[in-house]
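Participant: Read off the chains here:
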Amino acid sequence: MTTLESGSIMRPAAARNRTRNVVRLQFVNTQTFLWVPALVLAGAWVLTILIYWMLEGAGVSGVKTGGGSQAPLWYFLVVGIQAMTLTFPFSQALSLTRREFYLGSLAAAAVSGLGMSLLFTFLGLIEQSTGGYGMNGYFAYLEWVWERGPLAAGLTYFVLTMLFFILGFWSATIYKRYGTAVLTIVLIGIGLALVGLVALVTWRQAWPEVGQWILETGSLGLTLWAILVSALLAIGSYLTLRRMPA
Amino acid sequence: MDSVIEVRHLTKRYKDVLALDDVTFDIQRDAIYGFLGRNGAGKTTAMSILTAQNLPTSGQVRVFGEDPYENAVVLSRMCFVRESQKYPDDATPRHALASARLFFPRWDQDLADDLVEEFQLPLKRTIKKLSRGQLSAVGVIIGLASRAEITFFDEPYLGLDAVARQTFYDRLLTDYAEHPRTVLLSSHLIDEVANLIERVLVIDGGRIIMDESTEDARAQATNVVGDAATVETALRGREVIHRESLGRVSSVTFLGRLDDAERAAFAAVGLDLAPVSLQQLIVRLTQQRTPGRDTLAPASQEGTLR
Amino acid sequence: MIEEGKPLFVQIAEQVEDSIVDGSLAEEAQAPSTNELAAFHRINPATAAKGVNMLVDKGVLYKRRGIGMFVAAGARDMLLTERRREFALRYVQPLLVEARRIGLGPDDVADLIRAGAEPATP
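Chains as they are written, first to last, in our numbering: chain A, 1 to 246; chain B, 247 to 552; chain C, 553 to 674.
Next up, chain A with everything else stripped away, as it sits in the complex (with noise of 0.2 Å):
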């Protein structure tokens, strides 16, 4: 047989094809990285909608929006459990490196993200060209993100589900490799950080200022600062997986 005699000496060819390999492998997870992610998009639109509806048949005639969009966002935590939770022992099995398994395991979000966010942005795009369904109601289409064009749209959508894939990815590492009493001490942590973020604001009475700075930074500023704290979370997801038993 030819595949045995070519299978000894792996060339770098075939090393880069084993991350790319492994984008297939979590969408084996078609119900994980596809239809899960796609029917609470439909279903947090749908009921947007309908409530629009309602309110517009009610008489609420202002600009309408929601929080319904956050929802397929949000999921994107759970995909990054379920990444990590069900896929990284099979991975193992499969002789990856947990290099492979990552690098590859981020593209696969990333693919997942990208298809979001296209249907985000085009979703907006309807809104914008139809004031929001003729009913002035809107999903997508959130005037402030959408302030410099839908690519800056688009980009901000992808970036916040990477931050939640990354996010919810190394919480299920820390929760794997060091069980609950530590996620938990971490959560907090993090919980502590922020309302002493917050006290610190509030004692120097900075919020004006802070304010201003939100406001001028803008949504695509904000989303710049977003890929910075994705990559350092993402850096230490890796740091995390790297050490870490199947």
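Treat the hints with caution; some may be incorrect.
Stated by the list, open to error - Beta-carbon label-pair distances, calculated as ranges: (1) B:Ser-304 <-> A:Trp-207: 52 to 60 Å; (2) A:Ile-190 <-> B:Gln-525: 53 to 61 Å; (3) B:Glu-490 <-> C:Val-649: 19 to 27 Å; (4) A:Thr-217 <-> B:Arg-371: 48 to 56 Å; (5) A:Glu-216 <-> B:Lys-261: 49 to 57 Å; (6) A:Ile-235 <-> C:Glu-588: 55 to 63 Å; (7) B:Arg-371 <-> C:Tyr-614: 12 to 20 Å.
These are computed hints drawn from the structure, not numbers from a lab.
Computed from a predicted model, the values in this text were never measured in an experiment.
Virtual Cβ for every residue (Gly too), placed ideally from N, Cα, C.
Here the structure of chain A is known, so what remains is to put chains B and C in place on it, guided by the hints.
Facilitator: Quick look at chains B and C alone, frame taken from chain A:
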């Protein structure tokens, strides 16, 4: 000697358990090993470290001359089939096999298809819903069809009935004959695998207590039955590893080989010699060691009935 | 089929020898390959190979490059001579040990053997 795996002073400590205690051994190329020992002896830990799924506390592991940790080139030449392998939630056997095909360079799809048929594995049912035996079959098929240069089978037969196990042994042998490779087979069913394995590696209490050819291991111990006093006299100075008695007759297992003259001498005083199966030998050897002790109990003086 | 106590490869070799002695494997005929022996007896191929090599060393089998193992000319006579030589040790000695244990002398044993052989050769 052509070793594919070299383990030196490998120690693995979990919080309060010493799973591997300064273990040193080599695995030779293209041999089938029986990796034997009781539950919790350290077999799974050792195999996890060899496949870089777990990390040693101290010591060194070399596979194909390199550290396997995060080493894609080395890892892709190995396959580790775990007893309790987890699969993605909604994966089916078809998914699992298709995934394995992506990552094992020597994967043989025809062999996989063949085995699926032989084990009557339902390809489209989700793995969560498979029976224990079918779940084991998924692992066994991946292990055989991957044709990895080093394949680890950790108790691969759970839930497989006698017929399916025989299928596994037969397929392993015939495929190994055509495509020689290194196989580490961890099993409790020692009698079943005794004829398949070329070498035995026995681990007990985190230490290697036997590392030799199956042939030599089998010849290591003999059982003698006869009048208790006669047996005692005949065995003076030999290392006894097991002793049972019924009235004045005792049955004693001892270590060491007998030449023809010695055999004749035993027979002349009316003692019956019987071979000791590999399973009996290993049971005796691993029974002897009490937890927490790391040397062989001085059985020759005290016997083992305590 | 496989008994404990004797090294496996010796048992494999003896079974091949049995076939040669009883004529089912003729001289100059092709002997079973290592892999065939391994699959048939469900043993490790290395063990089977050891048995085959033992027969080659003994001159019972010889190798034809690229084809396989064959039974050597004169192998049957050689094995017969060897087995007759070993007969006393392998069969008569244990017989006498058991005879002594149950109080039978060599003459009693000889009588029993003659009696046992009687119906076969009237």
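Participant: All the hints need checking, so say for each whether the structure fits it.
Facilitator: Results of checking the hints against the structure:
{"no.": "1", "hint": "B:Ser-304 <-> A:Trp-207: 52 to 60 Å", "in the structure": "holds (54 Å)"}
{"no.": "2", "hint": "A:Ile-190 <-> B:Gln-525: 53 to 61 Å", "in the structure": "holds (55 Å)"}
{"no.": "3", "hint": "B:Glu-490 <-> C:Val-649: 19 to 27 Å", "in the structure": "holds (24 Å)"}
{"no.": "4", "hint": "A:Thr-217 <-> B:Arg-371: 48 to 56 Å", "in the structure": "holds (53 Å)"}
{"no.": "5", "hint": "A:Glu-216 <-> B:Lys-261: 49 to 57 Å", "in the structure": "holds (52 Å)"}
{"no.": "6", "hint": "A:Ile-235 <-> C:Glu-588: 55 to 63 Å", "in the structure": "holds (58 Å)"}
{"no.": "7", "hint": "B:Arg-371 <-> C:Tyr-614: 12 to 20 Å", "in the structure": "violated (54 Å)"}
Comparing the model with each numbered hint stated earlier shows that hint 7 is the single one that does not hold.
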